[in-house]
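Student: Listed below are the residues making up each chain.
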Amino acid sequence: MMNTYGTLLRIVVLALLLTGGWFAISAAMYGAVIWSAGYAFEWTMAFAAFAAVLMLRMFVPRNVFR
Amino acid sequence: MVTGKPGEGLPRGEFLLIRLLLVPLVRTLFTWHVAYWLFRRECAIIAKLAQTVTPDNFQKLTVIDKTFAIEDHSRQYSPSMVLEHLAITGRGVMGVIASLSQEKPFERPITIEGVKPHANGADALKDFEKFVSEYGQFFRNLPKKHSKTTKPHPWFGPFNNFDWNAFMYMHTFIHRRQLESILQTQKETL
Chain B
1 MMNTYGTLLR
11 IVVLALLLTG
21 GWFAISAAMY
31 GAVIWSAGYA
41 FEWTMAFAAF
51 AAVLMLRMFV
61 PRNVFR
Chain C
1 MVTGKPGEGL
11 PRGEFLLIRL
21 LLVPLVRTLF
31 TWHVAYWLFR
41 RECAIIAKLA
51 QTVTPDNFQK
61 LTVIDKTFAI
71 EDHSRQYSPS
81 MVLEHLAITG
91 RGVMGVIASL
101 SQEKPFERPI
111 TIEGVKPHAN
121 GADALKDFEK
131 FVSEYGQFFR
141 NLPKKHSKTT
151 KPHPWFGPFN
161 NFDWNAFMYM
171 HTFIHRRQLE
181 SILQTQKETL
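Sequences listed follow chains B and C, in order.
Here our numbering is used: position 1 in the first sequence is 1, and no number is missing along the way.
Here our numbering is used: position 166 in the second sequence is 166, and no number is missing along the way.
This list has only true hints and no planted wrong ones.
Result set (SDA-like, lysine to any residue): computed pairs, CA atoms no more than 20 Å apart in a straight line:
no.: 1; chain 1: C; residue 1: K126; chain 2: C; residue 2: R91
no.: 2; chain 1: C; residue 1: K148; chain 2: C; residue 2: P109
no.: 3; chain 1: C; residue 1: K144; chain 2: B; residue 2: R62
no.: 4; chain 1: C; residue 1: K148; chain 2: B; residue 2: N63
no.: 5; chain 1: C; residue 1: K48; chain 2: B; residue 2: N3
no.: 6; chain 1: C; residue 1: K104; chain 2: C; residue 2: P158
no.: 7; chain 1: C; residue 1: K60; chain 2: C; residue 2: K187
no.: 8; chain 1: C; residue 1: K66; chain 2: B; residue 2: M1
no.: 9; chain 1: C; residue 1: K148; chain 2: B; residue 2: R57
no.: 10; chain 1: C; residue 1: K144; chain 2: B; residue 2: P61
no.: 11; chain 1: C; residue 1: K148; chain 2: B; residue 2: F65
no.: 12; chain 1: C; residue 1: K144; chain 2: B; residue 2: R57
no.: 13; chain 1: C; residue 1: K48; chain 2: C; residue 2: S133
no.: 14; chain 1: C; residue 1: K187; chain 2: B; residue 2: G6
no.: 15; chain 1: C; residue 1: K130; chain 2: C; residue 2: M94
no.: 16; chain 1: C; residue 1: K148; chain 2: B; residue 2: F59
no.: 17; chain 1: C; residue 1: K66; chain 2: B; residue 2: M2
no.: 18; chain 1: C; residue 1: K130; chain 2: C; residue 2: V53
no.: 19; chain 1: C; residue 1: K116; chain 2: C; residue 2: A50
no.: 20; chain 1: C; residue 1: K5; chain 2: C; residue 2: H153
FYI, nobody ran anything at the bench for these hints, they're computed from the structure.
On a predicted model such as this, the values are computed, not experimentally measured, just so you know.
Work out the full structure: start from the sequences and follow the hints.
Tutor: Following this line, the structure appears as structure tokens:
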């Protein structure tokens with residue numbers, strides 16, 4: 001059972017690392033656009049950009065749930 | 001005691017967790033290169049583990065407790081059989097990815113029984129390392145474009161070429177955990 005728990009823990013850690021990576025990429029892209037346009041960086045908008053990227057990846061190029 | 005038959009499948013809860021949560025999660029979070037990098041990492045870990053096994057234990061069938069995403073029939077493998085299975089499956093998946101990437105259906109049936117190890121040979125590590133090198137070459141030349149054509153995994157439904165590439169990592173990782181359990185059990189029964 002310990003092996004199973006270890007496997008699941010590794011899966012969770014990997015999912016968190018990758019999610020963090022996608023957040024960093026989304027926030028960087030948002031930041032680049034915002035700063036080049038001369039606006040201030042807002043964390044709520046950075047999270048919104050991240051959510052949009054995730055939603056896009058869930059349905060483009062295809063529905064991940066099918 | 002191992003009583004399961006090949007291809008019987010996973011407990012319902014594990015199957016649903018993988019099918020409904022992990023597969024969509026992998027599809028969302030992985031890229032072609034993330035999956036390949038993780039796959040190479042797993043192969044390096046497995047090769048390192050296999051090198052620590054004594055010749056006596058390398059081909060010794062060892063019954064382990066159930067590990068995640070491994071069916072009951074696979075609980076009595078030797079380290080050699082784990083490596084053999086990874087090479088058999090991996091080469092099969094390469095053929096699937098190649099076909100799907102050309103938008104050609106892969107006609108041959110894929111079965112769990114068809115990728116079970118049988119040889120339990122002393123040279124399984126050498127062949128595994130050869131397969132890893134083959135896959136590296138294959139991946140570098142592969143056009144990284146999602147196919148519309150799919151080939152179903154026997155348990156988890158229709159996979160396109162991207163899914164099969166990500167499967168290479170997940171499958172290798174699951175069997176690395178199986179190998180760790182085998183080595184731990186062999187150590188405990190010394």
